[in-house]
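2 protein chains.
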Amino acid sequence: MSTVKYYLPEDRIPKAWYNIQADLPKPLAPPLHPGTHQPIGPDDLAPIFPMALIMQEVSTEREIEIPTPVRDVYRQWRPSPLFRARRLEKALDTPARIYYKYEGVSPAGSHKPNTSVPQAYYNKQEGVKRLTTETGAGQWGSALSMACAFFGLECKVFMVKVSYQQKPYRRGLIEAYGAEVIASPSTETQAGRAILAENPNSTGSLGIAISEAVEAAAQDPEAKYSLGSVLNHVLMHQTVIGLETMEQFTMADDYPDVIVGCTGGGSNFAGLAFPFIGCNLRGEANVRIVAVEPSACPSLTKGRFTYDFGDTGHLTPLVKMHTLGSTFVPPGFHAGGLRYHGMGPLVSHLLDLGQIEATAYDQLETFAAGVQFTQAEGIIPAPEANHAVAGAIKEALRCKEEGKSEAILFNLSGHGHFDMQAYIDYHAGVLEAYEYPEEEVAMALAGLPSLG
Amino acid sequence: MSTVKYYLPEDRIPKAWYNIQADLPKPLAPPLHPGTHQPIGPDDLAPIFPMALIMQEVSTEREIEIPTPVRDVYRQWRPSPLFRARRLEKALDTPARIYYKYEGVSPAGSHKPNTSVPQAYYNKQEGVKRLTTETGAGQWGSALSMACAFFGLECKVFMVKVSYQQKPYRRGLIEAYGAEVIASPSTETQAGRAILAENPNSTGSLGIAISEAVEAAAQDPEAKYSLGSVLNHVLMHQTVIGLETMEQFTMADDYPDVIVGCTGGGSNFAGLAFPFIGCNLRGEANVRIVAVEPSACPSLTKGRFTYDFGDTGHLTPLVKMHTLGSTFVPPGFHAGGLRYHGMGPLVSHLLDLGQIEATAYDQLETFAAGVQFTQAEGIIPAPEANHAVAGAIKEALRCKEEGKSEAILFNLSGHGHFDMQAYIDYHAGVLEAYEYPEEEVAMALAGLPSLG
Chain A
1 MSTVKYYLPE DRIPKAWYNI QADLPKPLAP PLHPGTHQPI GPDDLAPIFP
51 MALIMQEVST EREIEIPTPV RDVYRQWRPS PLFRARRLEK ALDTPARIYY
101 KYEGVSPAGS HKPNTSVPQA YYNKQEGVKR LTTETGAGQW GSALSMACAF
151 FGLECKVFMV KVSYQQKPYR RGLIEAYGAE VIASPSTETQ AGRAILAENP
201 NSTGSLGIAI SEAVEAAAQD PEAKYSLGSV LNHVLMHQTV IGLETMEQFT
251 MADDYPDVIV GCTGGGSNFA GLAFPFIGCN LRGEANVRIV AVEPSACPSL
301 TKGRFTYDFG DTGHLTPLVK MHTLGSTFVP PGFHAGGLRY HGMGPLVSHL
351 LDLGQIEATA YDQLETFAAG VQFTQAEGII PAPEANHAVA GAIKEALRCK
401 EEGKSEAILF NLSGHGHFDM QAYIDYHAGV LEAYEYPEEE VAMALAGLPS
451 LG
Chain B
1 MSTVKYYLPE DRIPKAWYNI QADLPKPLAP PLHPGTHQPI GPDDLAPIFP
51 MALIMQEVST EREIEIPTPV RDVYRQWRPS PLFRARRLEK ALDTPARIYY
101 KYEGVSPAGS HKPNTSVPQA YYNKQEGVKR LTTETGAGQW GSALSMACAF
151 FGLECKVFMV KVSYQQKPYR RGLIEAYGAE VIASPSTETQ AGRAILAENP
201 NSTGSLGIAI SEAVEAAAQD PEAKYSLGSV LNHVLMHQTV IGLETMEQFT
251 MADDYPDVIV GCTGGGSNFA GLAFPFIGCN LRGEANVRIV AVEPSACPSL
301 TKGRFTYDFG DTGHLTPLVK MHTLGSTFVP PGFHAGGLRY HGMGPLVSHL
351 LDLGQIEATA YDQLETFAAG VQFTQAEGII PAPEANHAVA GAIKEALRCK
401 EEGKSEAILF NLSGHGHFDM QAYIDYHAGV LEAYEYPEEE VAMALAGLPS
451 LG
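In the order they appear, the protein sequences are chains A and B. Take the first sequence: its position 189, counted from the start at 1, is 189 in my numbering, and no numbers get skipped. Take the second sequence: its position 344, counted from the start at 1, is 344 in my numbering, and no numbers get skipped.
No lab work stands behind these hints: they were computed from the structure. These numbers come from a predicted model, not from an experiment. Wrong hints could be hidden among the right ones.
You can't tell identical chains apart in this list, so a pair holds if it fits in one copy or across any two.
As the list claims (entries may be wrong) - Straight-line Cα separation of at most 25 Å, SDA-like style, residue types lysine to any residue; simulated pairs:
#	residue 1	residue 2
1	K129	D257
2	K129	N199
3	K124	L24
4	K404	A358
5	K15	M51
6	K124	L92
7	K320	E406
8	K124	L281
9	K90	H314
10	K400	L45
11	K5	A252
12	K26	E222
13	K90	D72
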């Protein structure tokens, strides 16, 4: 019984990204200026993003061409493989057909280089010398520092302090790529100093680190800022995942009945699902789409769909999204990439339109699923990806109960090689489940601006 | 400037391994019984190995068929990619063409599953219930435990104590595959207890861990022993690497002028080089072959070519090899997979025949090379593989000096995701160089049996 690989030749790397904004039955609510609360235009974003990315952010063209130098870098690891998990199917004794798209084949080990490479490319094209960014668990920081090394840009990464301390290995990788890593909150920015003045022992959060990185870019005329998820153009860059997967399903002579992805800011989920949701929206298919989030940071299942800031320091524009409140600091579970108070506006909008479902799992359930997957398939998933694994296994067991042979597809967005402490803790029985922090969320939501 | 990938479709996974014993101008010296010092036969090995592997060990057939269930597992990650390192070439400003075969794409992250999978398969075929083995840095332990999980075998891994303590992440992976991990020397075996009686603080060595694993297998009628390098059949299983590479060079319309690999027991080196050495031996080609070893454990460049034991407890047969003495305990450098007192008999024999060259680098040189490679190519190499990177860079700089455009091929045998502490130490300037421990080697060599 063997895992089956569906491999595309490299000339089948997509030539264009898919922009779901072309197919939305109702457009996105516009982002608002953090000071005036009025809709912002491209010029408002110019201090922190290159114009090419700003134009992608607001485009409603269905296809946006992938520049040749970006495809040239992609082909080091793309097209990524699609696998049929026959050994996992056997272990679960399910009639379901389980497929996973594996993005851990990138040198940085996750789907993140799909967007870090074009972001570095466009910035380089527009004469930028250095990029600033934030990182939680470190997947994004390593992906951006790698892309900067390839294109000859400097890179400064504000790393959430608790991850900086607890995940020295990811930090080591970012440093090996030649980037500078700063524990956030830091004394380098006004935003960081303000947090430290209030709480010198702050362990940081993605929201705080974003404030620091944005401020650092805005103050340096040779620098721009780069974000690894949430924004429309970032999610669009990830659609190479789903576009390849469609071709691979054609090779397999199959089509997914249900698609599962984990959601933090939404980028790996969108990357796999958006091309399929596009087919749904155009009436060409009818696939169930399931987002899986941590029950300790459940923006889609428990958050409010409203305008909120992307960061804790309230330097970013306001966007309409599912949010737990921009001052909410999620508990310290291992899936650092999912520890974000909000959700990408496009993913939020699609949930609001009824195009996707959302569900939440606690940390222990996701690691139980991840270990079962590892023993069947050999690949040890990142803690973030374990949420997708848990969701896929749940669907496979439902199929078993209902006697249905459905095709289940999920995104194995990255490997867990830099997150082994979590597996060691799980093995030792000391991993925590983490409940939903209801009171903290209520308090953070109470502080939101009322912009509906 | 982009890395170029040469990808073979999965129907081009080799159907047979290449057995270099068929092409040797002079046969290997026979292994000797550890007690009688007489040549051993297959029956002497039957308590610890399945008969299929014993017959491969002594075979002189040029091709040995790869069983279909083994190829079925291989195709999850094979054929592995061959890359042309154009960005590294540019960084070095060399006229050389640098190629690397990347074995880190296996789920366990190194070339080791190429042999752990067939070893688990043949043992399962012959009714074995569990396998015992040793591991240093943990690449082999994780590869065998993964293969055992796939074929439904139990697995017990004796892990060198210093690695058990310093590399908890690799141990975590082995445990995630469901195997039992024991710090060696342990109280579970007579060999382990003897070492501990002499030195309760022993940090262990591969030689000691082999003794323990062999003893544990010999005493359990349902168990056999499995080794990750050194032996003829193990090196042969790795030849899928070189056989694929030959096809990929045909795709690239090129042929290597020099091949570089790192050597501990010899398995990844042999895997890439043996099919090419076979062409050299048959007069069809004339490629330089360079083995790179750590200067702190330099069996090929400083060892004696003589009969010695494979283990410290002297339970294994005596084999003729380049050795630093079976009681020699190498210093604690990070390339744990190269911390072995001896060298595979086939690699040793080929050096003696003048078919290969050998060279040694200290730890700091190899990490400098590894970091340069990481920033150019994105993939962070295992400390073992950094030796091959250093060797390839040296050849590329020679080409630059000589104005020659040679094709340099090396084996990037695994990634460094579980070895990041070494990179962190390198970055912090606290990584040691490690000199050649001349006195310790002289002492160990003085204790060797005189069987020449």
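Could you tell me which of the numbered hints above are not met by this structure, giving the numbers in increasing order? 1, 2, 3, 7, 8, 9, 10 and 12
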